[in-house]
Structure formats: C-alpha cells, structure tokens
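Protein chains: 2
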Amino acid sequence: MSLREDIEILCKNAGAAAARLALADTEEKNRVLLRIAERLEAQSGAVIAANREDLEAADLNGVPKTMLDRLALSEQRIALMAQALRDLVGLDDPVGRKETWSRPSGLTISRVRVPLGVVAMIYEARPNVTVDSAALCLKTGNAVILRGGKEAIRTNRVLVDLMKDALEDCGFDPHGVELVESTERESAQILMTMRGFIDVLIPRGGKGLIQSVVENATVPVIETGAGNCHLYVDEAADLDMAVKIAVNAKCSRPSVCNAIETVVVHSGIAARFLPMLAEAMAQYEVELRGDAKTCVLIPTAKEATEEDYFTEYNDFILAVKVVGSISDAIAHINKYSTGHSEAIVTENPERAERFQRQVNSAAVYVNASTRFTDGGEFGFGAEIGISTQKLHVRGPMGLAALTTEKYLIRGEGSVR
Amino acid sequence: MSLREDIEILCKNAGAAAARLALADTEEKNRVLLRIAERLEAQSGAVIAANREDLEAADLNGVPKTMLDRLALSEQRIALMAQALRDLVGLDDPVGRKETWSRPSGLTISRVRVPLGVVAMIYEARPNVTVDSAALCLKTGNAVILRGGKEAIRTNRVLVDLMKDALEDCGFDPHGVELVESTERESAQILMTMRGFIDVLIPRGGKGLIQSVVENATVPVIETGAGNCHLYVDEAADLDMAVKIAVNAKCSRPSVCNAIETVVVHSGIAARFLPMLAEAMAQYEVELRGDAKTCVLIPTAKEATEEDYFTEYNDFILAVKVVGSISDAIAHINKYSTGHSEAIVTENPERAERFQRQVNSAAVYVNASTRFTDGGEFGFGAEIGISTQKLHVRGPMGLAALTTEKYLIRGEGSVR
Chain A
0 MSLREDIEIL CKNAGAAAAR LALADTEEKN RVLLRIAERL EAQSGAVIAA NREDLEAADL
60 NGVPKTMLDR LALSEQRIAL MAQALRDLVG LDDPVGRKET WSRPSGLTIS RVRVPLGVVA
120 MIYEARPNVT VDSAALCLKT GNAVILRGGK EAIRTNRVLV DLMKDALEDC GFDPHGVELV
180 ESTERESAQI LMTMRGFIDV LIPRGGKGLI QSVVENATVP VIETGAGNCH LYVDEAADLD
240 MAVKIAVNAK CSRPSVCNAI ETVVVHSGIA ARFLPMLAEA MAQYEVELRG DAKTCVLIPT
300 AKEATEEDYF TEYNDFILAV KVVGSISDAI AHINKYSTGH SEAIVTENPE RAERFQRQVN
360 SAAVYVNAST RFTDGGEFGF GAEIGISTQK LHVRGPMGLA ALTTEKYLIR GEGSVR
Chain B
0 MSLREDIEIL CKNAGAAAAR LALADTEEKN RVLLRIAERL EAQSGAVIAA NREDLEAADL
60 NGVPKTMLDR LALSEQRIAL MAQALRDLVG LDDPVGRKET WSRPSGLTIS RVRVPLGVVA
120 MIYEARPNVT VDSAALCLKT GNAVILRGGK EAIRTNRVLV DLMKDALEDC GFDPHGVELV
180 ESTERESAQI LMTMRGFIDV LIPRGGKGLI QSVVENATVP VIETGAGNCH LYVDEAADLD
240 MAVKIAVNAK CSRPSVCNAI ETVVVHSGIA ARFLPMLAEA MAQYEVELRG DAKTCVLIPT
300 AKEATEEDYF TEYNDFILAV KVVGSISDAI AHINKYSTGH SEAIVTENPE RAERFQRQVN
360 SAAVYVNAST RFTDGGEFGF GAEIGISTQK LHVRGPMGLA ALTTEKYLIR GEGSVR
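Chains as they are written, first to last, in numbering that gives the first Met the number 0: chain A, 0 to 415; chain B, 0 to 415.
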C-alpha cells in the first residue's frame, strides 16, 4: 500500500470518529480528557522510556542541545501535561452555543457552534504539543490527525496509544486521535492535499513549513506562528520604559514567535536612545544590526541588509532602523512584518491611537511588551497557536477557533 | 508591461486606498454609497449604452439567451441597484465593534472589528454584482478589485468609472474600486496568486472556477455558491407537504445554488410518494433520474449514474434516491453534498433533530424549502455570497464576513 493510501485510510477513520465526537456532550468529552490525564500519569514510565530512546537517537544524529531540551520529557513535565488536561476540563465548551431568531416568513433560525470535524496538525519536536493539541481538538468535539517530527516519533507513538486507549475507555472510537507514522517530508505533503477528508490543517513550525503549506495545500489552513515583530520607540517615548520593554521583548525568550526582531526608532530621540539600547542589549550579548544612522550612533552594530528586516531571527540578534516620522515607522512595519505583534512606546495619546489603527497586525500594543501575545495572557485559558492570517481567527486561538457554525432552520411546510 | 505587472500595480494602488478606507467612519462610507446611487441614476444613459454594446457583442458570439437576460440592464434594473445602495446605508457597520477587558498583568485588551483590507472578486456575467459587491466592500472599509466576465466588460468599465468618481467626490482615493481590464483566463489565475496584496479572494461562479481557485490560489479564499442540495422525505413525512417543498425547492428557480438537485426518499413511503412527486414534477417538465427502485415506481424516470448524484444540474432535472433508513439518507447526503443546504420533511421530532445534527452542511432545514438560504431571508440585510466552507464564515455572508478582528492592548510599561 502506498503512503497516500495509508494516509487516506487514516483520514477516513478519523472522519468516522469525528461524526461520533461531534455528538458528544461536554461531560463526555471532559471524561475523555480526565482519562487521558490518568493514563498519562499511570504510564509515565513507558512514556519516559520511549522518550529516552528518542533522545538517544537524536543525540546520535547530532540534533542540537536546545532541541534536545524541547524534546525531553520528565516526570515533572508529564505532571504539567496532566495538569493542563485537568485545567482544560474547566473551560467553557463553545460547541452548542446558540442564537435563535424568527423571520416574517415563519421560519425559526438558529445559529449553533459545531466542531470543524477533522483537524490535522503538522508540528516539530516538542511532544507536549501532541497531547495539548489532541486535547483541545477533543474538547471541541473534533477528531485529530497528528503528524509530529521524526525526533519525537517513539514518544508520540506511546502518547497517541494512550490517548486512543482513553477514548476507548470512555466508549469512543480510538480513531478520534490518529498519528501519521511516517515522518518523511512526503507525508506532510500528502496531508496538505487530503481535500474532502481534512477540515482544517494547522501547521506549527518554521517559515519553510508555512511556505510549503501556502504553496501546496488544497485543504483549508490556519497559518500560525510566523512572528517578525517590531517595537517602535516614538519621539515622545519614556526612554527608560522603552529600554525595559525592548529587553523584555527581545531577551526574555528569543526563540518564541512573540519576541521582537527589529526596534524602529524615531530620529528625534535616536542619539539619546540608541546608546541606552546598546548598553542594555550588551548585557544579553545581543548582536545589533542597523541602518547607516544606527551604525553611527552604535559603533558596535553591524550593517543591516534588506533581508535582515524580513528575518525572524529567533535568536539574540536585533535589527534597528531609524525613521523620520511615525508614518515611516508604520510603513516600515506594514512592509516587513508577518502581521503578528507590534508595539509602540509613547506618551503621546494621538500617536498611540494612530499606531494602533494603522499597523496591520493581529496584536498592537501601547507601552507594553509584544511577549504578551498568548492565549493564557489574553485570558482565553488555552491556546492552539497564534494565527497570523485574517480569515477565521486572528491572534491567539482559543477553543472557539476549532469550531464553525451551522444554521438550523424550522418551518411548517414553508416555501419561498 | 506584462499582465502580471499590470495587475500588481492595480493591487498596490488598491492597497494604498484600503489604508485610507479603513480609517473612514460609517458616515463617510455611507456618503460614498449614496453618491454612487446618485451617479448611477444620473448616468444611467451611459450605462445602458455600454450595456447595449455588450449585449450586441454577446449575441454575435452566440451567448445563450438566458445569459443575455442576466447581462441586460434597464432603467428599472438600475433603479433597483440604486435602491440596494440606499438600503445598505441603513445597515449596521460591523467595523469598530469592540469588546474590552482587563487582565491581572495590568493590561487592558480590546478586540475590535476591522476591515479585511483588499477584497478581490472573480465573477461572471451579471453586471449588478459589480456594484453590489463593491458597495458591500466599501461599507466595510475595504478596497475591492473586480474581475468580471468578458460579456459584461463594457458595462463594468462604465460602472467602475462612476464608482471611482463617487469615491473622489467624497474625498477618497479612486483606487478603492479597481477593475481588471483583462478578461482572459490568465488574469484570474494571476489574481489568485497575488499573495501579500489581496487579503481575500471571493470567487462567484461555477464548479470550474471554484476548482481552479482551490488548486491555484495562494491568497486566502472564501469559496461560495456550490450548491448540490438535497431534500430527504422521511417515513414520517406529511407527503403533501413534501411534494410542495420539493416543487418549490426544485422549480421556483432551478439556476440558483439553493435549489435542490436530489430528492432522497425513505423506502417505507416510496411507493406512495414517488408517483405524487412524478406527477407534480411533470407539470414543470422536470426530468427525473433515479436509482433502480425509483425507476420501478416512476416508469418515466431515467436511470441515474453515480455522477448524477454529484451533479449540480442548475436545471429542470432532479435525481432521486430511495434509502432504507434515515442513517442511509444522512450518509448519502454527507457523501454527495457540497455542504450548502439540505432539508428533511418529517413529523417525527427525534428524526428531525438527528438530521439537523448529523448532516454536515451550512443550513439544515426541517419542513421548509432549501430556497430560504439567503442573506435577506435570514435577516442579514445584505449578502456577498453563500460560503460553503467551514472556516471564517459558513452559509449566507453578511457584512461581518468582510471584516476581521484585531487586538489593541495598552500597558504602562508592562513586561512579561
């Protein structure tokens, strides 16, 4: 059997399981989540043993240490995964939310939230994503097809098996959670074209994965996680605040999508601000890359290329651009940004409002760090990713992002 | 200059106009709509003259008479277009709708509805779509790029010119409404790949257009209008009601997407119902195509192929399928439907509910005709199309479908 046929069978099985999951009430779905938590704790030994094999194989293959850290599971990390499942139980279930109205035609129309159906996820090393994502999909009555990275395949197999067992324990079809065993590039490509079987594909990964999905997918997609974020330091900024925010937004966790990659600086305060910025960033050994004006004011800065401004470094590197006006700042951001998160530091309320209105991104901050773009920080309780597209959902995606709506209409022999 | 370069310039100009339109308040946008209505009435002579040239060219090219009817504009049709513009003024503007909350971090977060940006439409002969679609986009603060059919190009040119003039009259950039002059297939293909320039593409047309968009588009798309709709006549149906609904759903306007293409009949009432159906359909000269059981009960019916059940006839042809249970009916519908609209006729409340829950379509009716799937009938006031996808918007699309959301966050030097 070909890989495509394998994956098609997987999709069909998931579709059949989805039909049943869509009918489950909140209590039934919560019971599955609790059961997964129990099994995860009871079988933590098997999970950790499989994870150790993954780690050994990855180490032999020369996988970098930062990636090994993300791949590694411990009793403590497993306890956190189980806690996340129990927290999810407490969240409101969007499925079944309903508005009803009547029309002069005599019809009664309800708009009700329903599951999407079959959700596919393509992601990389972190095995906690396997359980988190599946749990969010199950909570919203969806089946899920997981296609994780090669490095975590042994861990993922054990995690998916125990989730399948938990589904069966609760009287559901185990095909509600499926794992694509092949971690070759081809399996991801095939998933992207399973039109008619997959209701939404959520890629979580780097630029290459997102680009491949955009070019090849024929199934509906929610793009996530591309974060070329900016901080604009206005002429009217509190410069100490600007330094504090810049350091937080760049250095607290450079590898995540809501970290900044470029600081845009108004020329009126550049001579005062840039040396302050350089000094603060030097403490974190951040490499600065700037335009000509920046390089004059910060002698240690390297020259930035056009490509730098398009780059999501995910590292201790920061681009700097000096602009003559807030208009130029907004134009720079709207040109180079991926539409994720941007911030302005200013004490001027008109300019703050203008920045928020005209910057074309999912989250636009005034006097705060872009690092807050997160489902938990926004109060959504859970997050399946951060959307950088405008259709369906934008910014941090809570449970409702995994649902759609449906119209239920009743008449009494009504014709038009 | 190549066609691609031409279209890229058009897109850039529309993008610049969109930035200004996004900042317009409701009153300013309504003024543009009223001005278009005035200019439409004042210049109706020029519109009709251009339309006459289109009609003559189409007639020479052998365009069928039904299509000529859809292409033709008269003083009366123009008055209706102007009235639609004035009705649109009265509708609520979704842009600017806002929820605000505070977080323990000290942040104040607002979620606000904003325009999508640049909307592109690919559509066919009817020139009223040119004005309707542009008006809906302008009302929601979007710029629009129109790519109509060859048959209406002269009419569309005049309509777009007068809309551009109306924008200028009101102090807006005339590039807020753009027309793709080329009506070759290539121009549609290029539009589909204008990633970074077009925020959403809405194709309105037949299966071929939708298919081409699914395969080729790299810009975000809302699929519309594919309607392979079903009526299921349950064992517990009021058969007179079922006949009345079937006739309305098939014959009142067979060319539209919410007309039915197949009647699915429970075997328990087939022997009584099918002759009644055949008699009623004969009055409209509807050709019936059925499975083996149907052909026994309706001797005039032709044999249906698998392909028939996948076909949106848009014509006086109706497929019939006899099933042994409601489960089989639901399975048939979920297999062949395009997910638009389906109906059940039954007096049994459990089966009605089951049908509504398990049929996987945008609108699911009990004892009513599928012909009601329409923004006006649902009470939305206006409609840009009927979405058959699950992401972003499903079913009739009102003004809110042309908007997205954005998070505006304020802190006081907040870091995470």
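It should be emphasised that the hints constitute simulated quantities derived from the structure, not laboratory data.
Just so it is clear, the structure is predicted and the values come from calculations on it, not from any experiment.
Hints should not be assumed to be uniformly reliable.
Heads up, the list lumps identical chains together, so a pair's fine if it works in one copy or across two of them.
Unchecked claim - In silico DSS-like links for lysine-lysine, alpha-carbon gap of 30 Å or less:
hint, residue 1, residue 2
1, 11, 301
2, 97, 149
3, 163, 11
4, 149, 292
5, 97, 334
6, 97, 64
7, 243, 11
8, 149, 11
9, 292, 64
10, 163, 301
11, 334, 64
**Study point:** Structure versus earlier hints - violations, ascending order
**Key:** 1, 2, 4, 6, 7, 9, 10, 11
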